[in-house]
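Protein chains: 2
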Amino acid sequence: MKKHNFSAGPSILPEIAYQNAAKAILDFNGTGLSILSISHRTKDFEDVLASAQSLMRELLNIPENYHIYFVGGGASTQFFHIPANFLATKAGYVNTGVWTKKAIKEAKYYGQVEILATSEDRNFCYIPKGFEIPADLDYLYICTNNTIYGTQYKEDIDSPVPLIADMSSDILSRPIDVSKYALIYGGAQKNLAPAGVSFVIVRDDMLTKVVRELPTMMNVNTHAENNSMFNTPPVFPIFVMNETLKWIKSIGGVEAMYKINVEKAQILYDEIERNTLFRATVDKADRSLMNICFVMAEGKEDLAADFLKFATERGMVGIKGHRLVGGFRASCYNALPKESVEALVACMQEFEQLHK
Amino acid sequence: MKKHNFSAGPSILPEIAYQNAAKAILDFNGTGLSILSISHRTKDFEDVLASAQSLMRELLNIPENYHIYFVGGGASTQFFHIPANFLATKAGYVNTGVWTKKAIKEAKYYGQVEILATSEDRNFCYIPKGFEIPADLDYLYICTNNTIYGTQYKEDIDSPVPLIADMSSDILSRPIDVSKYALIYGGAQKNLAPAGVSFVIVRDDMLTKVVRELPTMMNVNTHAENNSMFNTPPVFPIFVMNETLKWIKSIGGVEAMYKINVEKAQILYDEIERNTLFRATVDKADRSLMNICFVMAEGKEDLAADFLKFATERGMVGIKGHRLVGGFRASCYNALPKESVEALVACMQEFEQLHK
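Residue numbers (our numbering), protein chains in the order written: chain P, 1430 to 1785; chain F, 1430 to 1785.
Treat the hints as calculated values from the structure; they're not laboratory data. Incorrect hints may have been included.
[To be verified] Looking from chain P toward chain F, a few residues come up when the C-beta cut is under 8 Å (computed):
id, residue
1, 1432
2, 1439
3, 1447
4, 1454
5, 1459
6, 1462
7, 1492
8, 1494
9, 1517
10, 1656
11, 1658
12, 1665
[Claimed, not checked] With a straight-line Cα cutoff of 30 Å, these simulated DSSO-like cross-link-like pairs (lysine-lysine) come out:
id, chain 1, residue 1, chain 2, residue 2
13, P, 1534, F, 1638
14, F, 1432, P, 1675
15, P, 1729, P, 1609
16, F, 1638, P, 1452
17, P, 1638, F, 1530
18, F, 1537, P, 1531
19, P, 1713, P, 1638
20, P, 1432, F, 1472
21, F, 1530, P, 1452
22, P, 1472, F, 1713
23, P, 1472, F, 1472
24, P, 1749, F, 1678
25, P, 1452, F, 1537
Since the structure is predicted, the reported quantities are computational estimates derived from the model, not experimental observations. Don't be surprised by glycine CBs; every beta carbon is placed ideally from N, CA and C.
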């Protein structure tokens, strides 16, 4: 049975990335060696790294005055590296749920945190807007897409202080204006690569603004100066990332990707609105294109387990909602084909017929 | 042409690990999903993680009062995590070259470092022995095998203070008495897995001895308590590690592995001794079974570039020595077949004939 992979992360990658990864494990670039067993100092790997950086720069239109680097440790590592590097006195955080809460917890270890806005009052089902940004903050921190609640910023914020964004789950899914950000980072295991590598895009002036002495691996300058090669980088995840970036370019870049993502999300949100058995959990304006959350309609709650079973039997994978929201979550990352969304919609319609 | 992969790291892994990794990328466990695209919270991956931990425990005979966990970030991250967790006042370090120097640098950020012994006087070509270990140290830190200089501890030190060892490059290559160590860790990209995951084996009493408040990801307890799942672990490197561990078990475990490693190293060191063109760089007693360093014999130095070309043309990969030692380095990790060592020896003999 054909599987439709709606996992929130690690998540679906383009088929060509799987094919090329499997090939490179058996023989990388015709070297007679496995991509798993080559030195990161070889020309072959340096080419992969350079290609990944250059494609990321091209696809996101990253200005010349930004460094791009790749490191291990996950976004959870960046949660504390960011305040360690940049929080001297006070930073502003917008709380949109679990991922920003974790970041806030780590920031408090290094300085004062001002919560500029929060959507906690309604279980994070919207993105707070119109909040003041004090000019004396060291930086403003946001998470542009929350995988758990299915919310997403639709605009790049204008900030009078350096804007730092966790884009783990929507990087390269939509055009952004990188020049509005001081630093963008994320775990790559959603739209880019398998688990094990994070990307950091940092404006050069930030590299001179590190506020304290730090262990070598924690300092942003270490990775920027050494071009991701201070220590052995996660070679294979970077290889797969490069394959994914090539694929995004091949389908027309981020603008084209965005159009496809809008179309996929529209199909699913439309069905959620139409179908009498389901309802969306997020305010319309803030619904994520990546993580589409829905629950059973009022009075139909007892059908939830049945629908999960019904959909699972039809090849849907990873659609159980996070326990903090309940219901269902269909993650529709870049590599998820439109057919998968259509298969899920067909499931929902079939299930509705059974429960008329 | 058949390649012989002597790379110092990332390095050769067993053929069966490549085969199973390539298969799992296309279809993991018959799930219809890629190992690169499954949630780390799935039963299928939890089984892989549990298997890797249990095999490591079995193969190294790790007592019950030790936790085993896997994290990203590389050994370079552990260089500062260890003193951050355990260095309150003063720690002792034995300096055997680059890797301990880096660890010492990070430790100084957190407290006082006493260099108990160093082999710097002869470019780290031996392992210092017979040094005093003051009883008031927070811990004693060593690196059991130095990839760059080709030195290796042959015995587990008896230490009156907690013994912490970086075993990045010789873990599972020889039997060790884990009970003599408070903490053993390493990057896995030599004998275990592709780059992107580190292992930590920590005695439970150490978990109660963390000396300062730390960001969540830095605290050993975070990873021990959450069984490597506080954040998304490096799923694919852990999968490959499990395949490697299964392979070690299949060939008879660490004792069997050690015998093969001794045999391979003996063949190569014997040839280095016999061959009039080459000489070993390390004192006999301290020669590594993993990284075998040699240079041209006195008066033959100008043949070095020729030999590198000669050997490369015959399929030898990664035998150029590190710039700090020069000459050649043949890394003979667990997965390197005896035939590769024999092929290198044949090269050396053929080259000797040409330069009689």
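Proposed proximity, residue 1678/F with residue 1749/P (alpha carbon, max 30 Å) = violated (37 Å)
Proposed proximity, residue 1537/F with residue 1452/P (alpha carbon, max 30 Å) | violated (45 Å)
Double-check residue 1517/P for me: the hint is only fine if its C-beta lies closer than 8 Å to a C-beta in chain F.
-> Because about 17 Å separates residue 1517/P from the closest Cβ in chain F, which is outside the 8 Å limit, the hint is violated.
Agreement of residue 1432/F and residue 1675/P with the hint, judged by alpha carbon distance not exceeding 30 Å | holds (29 Å)
Is the shortest C-beta separation between residue 1432/P and chain F less than 8 Å?
-> holds (4 Å)
Any CB of chain F closer than 8 Å to the CB of residue 1492/P?
-> violated (29 Å)
Does the interface hint hold: is residue 1459/P within less than 8 Å of chain F, judged Cβ to Cβ?
-> violated (11 Å)
Between residue 1638/F and residue 1452/P, does the CA-CA distance stay at or below 30 Å?
-> violated (46 Å)
Was the hint right that residue 1665/P lines chain F, CB cutoff 8 Å?
-> Cβ of residue 1665/P sits 5 Å from chain F, so the hint holds.
Holds or violated: residue 1447/P as interface residue toward chain F, Cβ cutoff 8 Å?
-> Nearest chain F Cβ about 5 Å off; hint holds.
Regarding the pair residue 1638/P and residue 1530/F, is the alpha-carbon distance no greater than 30 Å?
-> holds (27 Å)
CA of residue 1534/P to CA of residue 1638/F, is that 30 Å or under?
-> Holds: residue 1534/P and residue 1638/F sit about 23 Å apart, inside 30 Å.
Violated hints, listed in ascending order, are 5, 7, 8, 9, 10, 11, 15, 16, 19, 21, 22, 23, 24 and 25; each of the other numbered hints is respected by the structure.
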